[in-house]
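Taking the numbering used here, I'd label the letters of the sequence shown as residues 2 to 459.
Check before you lean on any hint, since a few could be wrong.
As the list claims (entries may be wrong) - Here are the in silico distance ranges between beta carbons for each label pair:
#1 Ser196 with Val398: 37 to 43 Å
#2 Arg331 with Arg255: 44 to 50 Å
#3 Gly356 with Arg386: 16 to 22 Å
#4 His326 with Ser187: 28 to 34 Å
#5 Arg371 with Arg396: 19 to 25 Å
#6 Arg371 with Asp391: 32 to 38 Å
#7 Ser102 with Met387: 22 to 28 Å
#8 Asn263 with Ser215: 55 to 61 Å
#9 Gly356 with Tyr77: 19 to 25 Å
#10 Tyr77 with Val270: 23 to 29 Å
Hints in this document: simulated from the structure, not taken from any laboratory. Here a beta-carbon is modelled for each residue, glycine too, at the ideal position from N, C-alpha and C.
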Amino acid sequence: MPTEGESRADKTVAVKLSGTATDWGKTVGFGPLPTLIAESEMPHIAVIGAGITGVTTAYALLERGYSVTVIDRQRYAGMETSFANGGQLSASNAEVWNHWSTVLKGMKWMLRRDAPLLMNPAPTWHKYAWLAEFVSNIMNYRDNTVETTRLAIVARKHLFAIAERENIDFDHVQRGILHVYWDRPSFQHALKVNSMLVEGGLDRRPVTASEVKSIEPALHGDFHGGFYTPSDSTGDIHKFTCGLAQACERRGARFVFDATVNRIARDGVFCIGYSHSGSVGEAAQEIVEADGVVVCAGAASRHFAAMLGDRVNVYPVKGYSITVHLDDERSQKAAPWVSLLDDRAKIVTSRLGAGRFRVAGTAEFNGMNRDIRDDRVRPLVDWTRMLFPDVDTNRVVPWAGLRPMMPNMMPRVGKGRQPGVFYNTGHGHLGWTLSAATAQMIAETISGEFRTDAAIAA
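Please work from the sequences and hints to get the whole structure.
Now the structure itself:
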């Protein structure tokens, strides 16, 4: 079995994304980017969404010489799901959720308001259709976990290269990720998961209870054991997204913010109609014309796909976080630097510089509801106090975001039905982790389509 350093993921990796718009036989590598079309003929691509997937997509297109406009309803980049997530760049968290144990836990916890996985039982067609597809993909659990691991390893190399090239400061901490388990049964299940991650090329090793304490001395708890992935890391997704958006602007991208897209029509070119926040009437309608459209709109991607005649079955799965401000020296010393994942609580942590500690987790199936509920935030605070009793939680900032999840837990990356329509969305809880690779993949798909069009025209 090759190590992570020897695996094909280090150079190029052929990634086939199950259930995406196209079957992938392409490679995502690190060689020079091809010159596809003469610069004067390069198409104009509109990217809908300025979160991490939209901005990395814009950057990958700019690298290839395209003219790019990014449209987002918020005032700045990275203001929705890319604002305050768990912060982990975690190939070690590549296990997909399509497993019978997930279904059973969801049923067991349905009436617990503080449960790690919470389902609003109110019937909606979208939710139950999505769940039916989720269950039907249990048969692909192993293959999709291995595949996601490979993609995550490739993605972080792209992301690190971008950060270095563009000099983006995002509170990057490279001290690995430590998964902890409280009992033997959960640790035994983790051993099975680990075999899939190792098959995908990841260096992730089991550690004893004493080694857990050695890796992160600040951690309190009577653990059975854990798994440590030294190559994983953490960072502030919002700072990275904003920094990369600025780099895109320096490279010539146009960003249209405060813009609600309300129609997409095609008359030779795509006409994307939008209105600015607070504006009213026909005079408020503005249009971006583009040769192609890439939907990177997170949980809203299903809505835009319907406009374009496609079905993208993204469901919004709400996650919560708290950012603990470490305002005193005692708290700064007591908070961990190694990133953690508590398997029992389904909680992750990231240290964001000396003064901030991010604690995130839970999954809530409640449609497009964005409410920040105290009964969902409270378990994060209580967990922090239990495992890090010397950290002052007097000043915490709660947040909730909607993870865009496909039923097979694999991102939708590829073409739509119409020529010139593309998707890079549905990354779920791994948007930060996978974004830099899927951006390269969709940029190559776009280049392939427009290269063919140019050849036909010639």
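How the hints compare with the structure:
1. Ser196 with Val398: 37 to 43 Å: Once the Cβ atoms are compared, 39 Å apart, the range 37 to 43 Å for valine 398 and serine 196 holds.
2. Arg331 with Arg255: 44 to 50 Å: 47 Å, holds
3. Gly356 with Arg386: 16 to 22 Å: Holds - the Cβ-Cβ distance for glycine 356 and arginine 386, about 19 Å, lies within 16 to 22 Å.
4. His326 with Ser187: 28 to 34 Å: 32 Å, holds
5. Arg371 with Arg396: 19 to 25 Å: Given range 19 to 25 Å: holds, Cβ gap about 23 Å.
6. Arg371 with Asp391: 32 to 38 Å: 33 Å, holds
7. Ser102 with Met387: 22 to 28 Å: 24 Å, holds
8. Asn263 with Ser215: 55 to 61 Å: 56 Å, holds
9. Gly356 with Tyr77: 19 to 25 Å: Holds, since glycine 356 and tyrosine 77 (Cβ atoms, about 22 Å apart) stay within the stated range.
10. Tyr77 with Val270: 23 to 29 Å: 28 Å, holds
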